[in-house]
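Residues per chain are reported as follows:
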Amino acid sequence: MAEQAYTVASDSETTGEEKTSPAFPEIAIGIDIGTSQCSVAVWNGSQVELLRNTRNRKLMRSYVTFKDEVPAGGVSDELAHEYDMLSGAAIFNMKRLIGRVDTDPVVHASKNLPFLVQTLDIGVRPFIAALVNKMWRSTTPEEVLAIFLVELRAMAEVKLRRPVRNVVLTIPVSFSRFQLTRIERACAMAGLHVLRLMPEPTAVALLYAQQQQQSAHENMGSGSEKIALIFNMGAGYCDVAITATAGGVSQIKALAGSTVGGEDLLQNLMHHLLPSMDHIFSSHGIEEIKRMGLLRVATQDAIHQLSSEMSVPIDVDLGNGTKISKFLERAEFEEVNKEVFQKCETLIKRCLCDAKLEAEDVHDVIIVGGCSYIPKVRNIVMSICKREELYSGMNPLEAAVRGAALEGAVASGISDPFGSLDLLTIQATPLSIGIQADGSNFVPIIHQNTTTPVRKEQNFTTVHDNQAEALIFVYEGDEKTVEDNHLLGYFKITGIPPVPKGVPEINVCMDIDASNVLRVFAGVIIPGAKCPPPFMEVRMPTVDDGHAWSAQTLHKTYGSTLDLVTVKKKGQH
Amino acid sequence: MISTSTRLFLQTPPPPVNIFSSGDNSALSPSSLTFRQSGYFTAAAATCASVETESPTSRYSTLPRNLIPASPASFYEILDIPMGATVQEIKAAYRRLARVCHPDVAAIDQKDSSADDFMKIHSAYSTLSDPDKRADYDRRLSRRHRSINLYSGGCSPSAMSGFTGYTPRNWETDQCW
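Quick mapping for you: the protein sequence lines, in order, are chains Z and R.
Just so it is clear: in the first sequence, position 260 is 260 by the numbering used here, and no numbers are missing.
Just so it is clear: in the second sequence, position 76 is 1076 by the numbering used here, and no numbers are missing.
The set of hints was computed from the structure by calculation and includes no laboratory data.
The beta carbon of each residue, even a glycine, is placed where N, CA and C say it ideally should be.
Errors might be hidden in some of the hints.
Simulated crosslink set (DSSO-like; lysine-lysine; CA at most 30 Å straight-line) [as the list claims (entries may be wrong)]:
| id | chain 1 | residue 1 | chain 2 | residue 2 |
| --- | --- | --- | --- | --- |
| 1 | Z | K58 | R | K1133 |
| 2 | R | K1133 | Z | K323 |
| 3 | Z | K111 | R | K1133 |
| 4 | Z | K67 | R | K1133 |
| 5 | Z | K226 | R | K1133 |
Not the full set, but computed from the structure, chain Z residues with beta-carbon under 10 Å of chain R [to be verified]:
| id | residue |
| --- | --- |
| 6 | R61 |
| 7 | P163 |
| 8 | S224 |
| 9 | G413 |
| 10 | P497 |
| 11 | P500 |
| 12 | D511 |
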């Protein structure tokens, strides 16, 4: 696989040759890697088609089983029984683990999964291992994802009878840019080139834009602007987007996302059924893993049944004298997960507020993802959006991958004689990006929900007399202090002239291009200088695993000596 | 083994989006339209800078001041709409131009400039689609027109005061990428 990574890197240099080749442009495929399930779709020349694996399935379980030498993923592998996935040998939920450090609450919640997630709680990557021949064999979320993507790629190549390189992947709204680099790394390991990483609800928005355009054509309608609210809740994440659509252009007005999903519903209910769960499973012995698996399957089945039933019997013998036998009411399930549902409510309200819209302004409410079948989730969305009906033109489990396939075709430069690909997504930033200034404050330069591509700049100045250097810490997030946001990178500006504090003008400019690449430009401005110090251009993120340490170490080493403060705009004194 | 090799890959910038490298591009992008308008996009940048304080200013500009056009394009000219355009017309114009100028749909040889073009279009749109910002902008615009008439030149004192920090800028040339 190492060679494949190099192939990816060198491929960019050979684009000149491709230009002259008469072959059709390669259509990028759309991949939706869900926490629990995944799917692949591609534009087949007239419409989007979901690819089926050798078992004729469109939706495949996202997991990789480690056995002896050859790991096998959910694309080609067929489990004899659900319990096989819970034997300790299978790693799943990698989307919840990728790019997270061991102090992250999401990682801690993953310790109840039937494989090994070990934390040292110091801000490094967690230790993840699968049980192979009664030994814990270590791996990483990137590696697991890459193995899975290799299988997906092989399947797509067989189906399409051509090599597959370019992909559009859907991602949760709440992913940090650091997490995006981990996804890109996994793709590179699998020999795939990422054309776009598309927030899941924006992929759904593109599908909606296409549907609206088609119905406008059919009805000879004016194709006036339509506002849609998209609520997407899967096993790992909950996302909301608001899009304004007309003429095939989907303009993302606001995005909101959080790490709540079906996995939380499941874990909360498991805790409810077996309050001593954490204690019982903490040793991670082979027997405990088996019991954990039994409880997991029983709870999952119960949740599925509660979507149509008002109560469901649970009967599971965990061995060792632990038996759970009871009737679970739907109301009980909803009460246990009150906080999760509240978070969903908050997200929708925040998204409406950020888009400066009222519920009445929304034309269509679209709900997709595995959790869209849960009555409580549907009720929440309908009550906040004040309507009786939800948009019905989409398969909730296929909408995101279909949108990704459309984006793949559009971004590959494919056009359709019937105008089905006259589409465009105008994306917005899901999180603010800024730097540390005024102490440990986060000063956003590109705000959340800003349309991209975008370029913004702001001036800063020194805090000490004769301060010759300054450190630029770049963060992403929406919290007031930098500690609560994601560190993307840092670099030093030198050559500040020896003048009193507050005099030098330090300019920080941030640029996000159409491919969502973030570049930070920074330097000192010396008016009238013949030969000013060169500006720095830094592609972000630059941090690697364990990045929380580097910021702390820098603060410890330099204190506030290299700090910056914002320059107040005129009229704000 | 795997991670070292991929790290190497990831530290290099990603391959440029070469998606338009093969096949016939001419049908995809009405590049002529982009070209015709690029003249006043550059000039309009100055107008953007005065309204949106956070947008880049002319720090990196190497152009002498006397190259400033007498009357930079207004947001209305950028969107190619009359001054009395309705909100619907503004939105429709924005979408129409985005379908041509957005980097996702622009031809490969236009990729670099299309992001700049799109940002200018978006800047015009975001001001004109907000009633308060539009009213404020219209006031500035009419003041500028008056002063230009009075002094018959773009470098009149009042025109300059109305548009502080107003110089042409062009990120491609300024940054020397």
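For each hint, the structure was consulted:
Restraint check for Z:K58 and R:K1133: not satisfied, since their Cα atoms lie roughly 49 Å apart, outside the 30 Å limit. Proposed proximity of R:K1133 and Z:K323 is contradicted: the alpha carbons are some 66 Å apart, above 30 Å. Of the pairs offered as hints, the one joining Z:K111 and R:K1133 is violated, with about 51 Å between alpha carbons and a cut-off of 30 Å exceeded. Restraint check: the Cα-Cα separation between Z:K67 and R:K1133 comes to about 63 Å, which exceeds 30 Å; the hinted pair is violated.
A C-alpha spacing of about 23 Å is found between Z:K226 and R:K1133, which places the hinted pair at or below 30 Å, so the restraint holds. Here the hint on Z:R61 is broken, as its CB sits about 24 Å from the closest CB of chain R, past 10 Å. The restraint placing Z:P163 at the interface with chain R is violated, with a minimum CB-CB distance near 14 Å, outside the 10 Å limit. Evaluation of the Z:S224 hint against chain R yields a held restraint, the C-beta minimum of about 8 Å falling below 10 Å.
Look at Z:G413: its Cβ gets to within about 4 Å of chain R, closer than 10 Å, so that hint holds up. Annotation: interface hint on Z:P497 violated; nearest CB of chain R at approximately 16 Å, more than 10 Å. The closest approach between the C-beta of Z:P500 and any C-beta of chain R is roughly 22 Å, which is over the 10 Å cut-off, so the hint fails. Hint on Z:D511 holds. Least Cβ distance to chain R is approximately 8 Å, under the 10 Å limit.
Of the numbered hints listed earlier, those contradicted by the structure are 1, 2, 3, 4, 6, 7, 10, 11.
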